[in-house]
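If you read the sequences in order, they're chains A, B and C.
Sequence positions in the first sequence follow the working numbering and run 1 to 407.
Sequence positions in the second sequence follow the working numbering and run 1 to 407.
Sequence positions in the third sequence follow the working numbering and run 1 to 407.
The hints are simulated quantities; they were obtained by calculation from the structure and are not laboratory data.
A portion of the hints provided could be inaccurate.
For identical chains, the list gives no copy identity; a pair is met inside one copy or between any two copies.
[Unchecked claim] Straight-line C-alpha distance at most 25 angstroms; calculated DSS-like pairs for lysine-lysine:
hint, residue 1, residue 2
1, Lys-267, Lys-279
2, Lys-129, Lys-68
3, Lys-292, Lys-307
4, Lys-292, Lys-70
Letter by letter, the chains look like this.
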Amino acid sequence: MASVVWGLVAGFFTYETTKSVVVKSWSVGIINRIVQLLIITYFVGWVFIHEKAYQVTDTGIESSVMTKVKGFGYQNNRVMDVADYVVPSQGSTMFCILTKIIMTENQFQGVCPESSDKFSCDRDENCTKWLGSNLSNGVITGKCLKSFNESRGHCEIEGWCPAENDQVKIKPMLDVENFTIFIKNSIRFPLFNVTRGNFPSTMTSAEIKKCTYHPVSAPFCPIFRVGDVLQDTGHNVSELAAKGGEIGINIEWKCNLDQDIEYCVPKYFFTKLDAPFAKNSISTGYNFRFAKYFKTENGTEFRTLHKAYAIRFDILVTGNAGRFSTIPTLISLVTAFTSVGLGSVLCDIILLNFLKGAEQYKAKKFEEVTEAQIEACITPSPGSQLSLRPGVKSSCDSGAISLSPSD
Amino acid sequence: MASVVWGLVAGFFTYETTKSVVVKSWSVGIINRIVQLLIITYFVGWVFIHEKAYQVTDTGIESSVMTKVKGFGYQNNRVMDVADYVVPSQGSTMFCILTKIIMTENQFQGVCPESSDKFSCDRDENCTKWLGSNLSNGVITGKCLKSFNESRGHCEIEGWCPAENDQVKIKPMLDVENFTIFIKNSIRFPLFNVTRGNFPSTMTSAEIKKCTYHPVSAPFCPIFRVGDVLQDTGHNVSELAAKGGEIGINIEWKCNLDQDIEYCVPKYFFTKLDAPFAKNSISTGYNFRFAKYFKTENGTEFRTLHKAYAIRFDILVTGNAGRFSTIPTLISLVTAFTSVGLGSVLCDIILLNFLKGAEQYKAKKFEEVTEAQIEACITPSPGSQLSLRPGVKSSCDSGAISLSPSD
Amino acid sequence: MASVVWGLVAGFFTYETTKSVVVKSWSVGIINRIVQLLIITYFVGWVFIHEKAYQVTDTGIESSVMTKVKGFGYQNNRVMDVADYVVPSQGSTMFCILTKIIMTENQFQGVCPESSDKFSCDRDENCTKWLGSNLSNGVITGKCLKSFNESRGHCEIEGWCPAENDQVKIKPMLDVENFTIFIKNSIRFPLFNVTRGNFPSTMTSAEIKKCTYHPVSAPFCPIFRVGDVLQDTGHNVSELAAKGGEIGINIEWKCNLDQDIEYCVPKYFFTKLDAPFAKNSISTGYNFRFAKYFKTENGTEFRTLHKAYAIRFDILVTGNAGRFSTIPTLISLVTAFTSVGLGSVLCDIILLNFLKGAEQYKAKKFEEVTEAQIEACITPSPGSQLSLRPGVKSSCDSGAISLSPSD
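Take the sequences, apply the hints, and build the full model.
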């Protein structure tokens, strides 16, 4: 019993290694080493150094943005300040600078004629076709309102009157070019619990107040001149101010956390967000409507409707951070080692097919066993044994010669 | 010296390949090829074609959304237009359509009785228990205000008076069903620097103005009828308009950038965002309070408090893009090759245990070396050599026979 | 012809397995098993159990947040309610609680002197240097306005007059501490189409109304006391209320979807969002300006400018979910198996270099073939054959002995 257990234990603590054939041939040897060198170079240079396959990457960036606009502009003969032209006022990820406002003052609820010539009419039938339309300035009642003596009039609407006329020519606020945007962006990589801000902690308050962002000379200054940003995107400022538009301020964080944390800095770039729609003629520009509400002495509400053409800024923060981690390293390393091994597939093909003496190499590498052969060993009739050539006898047990000096 | 270096160089340029046993057996041969076929089929079909394991994926989508609502509705006998019912007005990722507004007009700072019966009282003690409550319409002073001759009254509050009474019955704006939402969504995959818009660049302005989104007949039309969206989520429009609610408009981008970029198109679907809370009785619906401020002639500020029930739309953009990349391809390929190799583990088990002649195959595959054997070789006493059976002699150096024709 | 095809088919259905050397040595055997055990332990314990390398992970979380603040506070001798101090009012991911408001009432368009001493002057030249400045309260005209009899005055500005004086001392609204924030967060993992809410579906309306979040005793209560949140971030409430600040409420979802879905619950934590800027003296605090617009009887617009110091809350939702998937499991498994195989590299080094009898083991493991040897086999001149030692003859065809009992 004990000897059986001992045998099993001894059988367990053995070491199995592959039997190899070492081919001392210059041609295959050199090809082998060159292939190995190429594979190793590829892995070290591209996979490890360039692609950093030994790192785990966090792409779920957590970001908080605070913005503040500064500057004064003229619009409708009034000086506009931040409280007037920045919407929404909280200074968040998205904000608009109103550059042209078409105001329709003193609107009261009631009925009145449409303003647009699209809704001109000479009898009620011209207006009933517009019933339920969303394109008017109010609910189309179906009546045609004509002034005394005139042959054509406009359809009647119910709603806020008088109707807005957005065809008036108004000079946009071109001063927007000189406005500045201060951006405070703090990010966090939750996987690594690393927090960073978009300007260095060594920057003093005075330095920040004076600087203006420039991609080369002041890449970390958090104050952006609107004119510079627009120019970078290739926009024509006066056209943009007149029609409105959407600008993306991309803040890109690409951090290698195996390096010093101080190298984890943002990169800014600026894009036209409506670029994918450049070919469609619709919806160039950006505008929206809002109203300010007032009350008359006797309590009736009235409003000033604003159709605001605005430059909308979207601060888009993206980023990823990498840090050494054992699992990707292991997977990459094992892949690398195995790939080096796979290199031998190529060499095998060359060795066994294209080299002089390929048949001999084949004979060396492969040891054939056929079923017939095995059968012959299982049923060793004395006669058949004799029929074998001398020296071949060992083929039944070659390699299993358990050489025990004791016997 | 030179010959030593030469020896090292020659030793380096060798090629080592594993010695293999080729088993010419139908049973194992067929099993082997079937296992290999299964593994290869799995890798080609599932891993490569279906799961696209040869691609690197970018999930950090960058998105910008512009929305515009159109339509008119009646509320409190007034016609409401976009400037009245869309909050916030900028047309961003999130916007609310106010469907029911409970207005409390002409509120001034002061003291007054609570409106809710929850705060009814017959003496001050009934009110002091509410001190510091957040559920009232103002700061509870602790006094009980009773009209002359009445036995019960309401607790006094300090704040904006008169207190809001949100129990009034108001007809919600059911016209919301016919409103339309225009969504302009431009995205970017930063890893590949690919930019896309949510409607094809071949769509003309006229086409866009006329169409309405339909999952089958108009899947790329960017104009959505609110009624369709609500119906798709399974909402009852009149209930939603009365209580408010949160709707998610998901825009899903799944792009295979190895194909033509024109196939990179969005898919829309609509969800109830409060679905996870369906079982909790709390907070069904969605409402918030805001105020409009006015001034009397003598400069006193007063306000109109709005409790607004709204349908809130959240445009949720998700997506990922894949493009061929060498590293995942390599890892997958090496995994595939190695897996094919691992298939031989199964065959080995069959060959060495369950096949007729297993012992013989084992003998062929494994060559045993014991410590004793090695020891015998190291210390070759003439006598011990003799004790070996003839023909076994070669076991000390088999395979290492350096055959040099020169000797 | 048929026999050739038959030969090819028979050649195809063969099984090739590596020939192995089994070393029955205690030392190498034990080292081998220990190395294998270590590698397996590492993979099972760290890679599979701890790092869950068998899962595919979804990091593109889709989130929707609804917030509602409750509470009353005193400011400028007025009671402020939610409609007064929460901006924006919709209760979205980001909201501000205004804690200190500096109001400049009755501003009309016109010209007036600056308020700040920074713009004091004794002649026009002192003011012309400020032309184009963004730091004033309006457009600097370049004039120096001096009261009769005084030597020093202030520069003239054009814009909203009178100019704001933000140096006034105002008591912040410290009641903010007792405000409560209700957060409703529903998330979705698009990859798995799993939707979750931030409080359990078993929580009743009454339970939610009564509870207050506490990390230990009430970790799933969705109602947060502002004072608790601020304390957790280490903020001094009175300082924060006076200067404003940015607070992050992080909701972290880490879900193992192989477990019951009920274990997929959020974790909350609270951070100072301006922590990365703690060292910069600039921009501590948070404030923004907005205006309320009024009209006089004769229709002139005037405004009340508000410089609002606010506590801004950003609800930052992050998360990832993992679920068993075949591809990462396969890759990890293959990596594990291959790594176990790589363990033999270490054993080989020990076996072939440091063990007693290393040369003998080497002889066993490696079978050398030289080009000369192969050449000798290819050109078998009778004489050269004789020059070989007897018994070595088989080196030309060893392993390729095709043993056919029929011959």
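Going through the hints against the structure:
| no. | hint | in the structure |
| --- | --- | --- |
| 1 | Lys-267 x Lys-279 | between (29 angstroms within a copy, 21 angstroms between copies) |
| 2 | Lys-129 x Lys-68 | between (48 angstroms within a copy, 24 angstroms between copies) |
| 3 | Lys-292 x Lys-307 | both (11 angstroms within a copy, 18 angstroms between copies) |
| 4 | Lys-292 x Lys-70 | both (23 angstroms within a copy, 19 angstroms between copies) |
In summary, the structure agrees with every hint in the numbered list given earlier.
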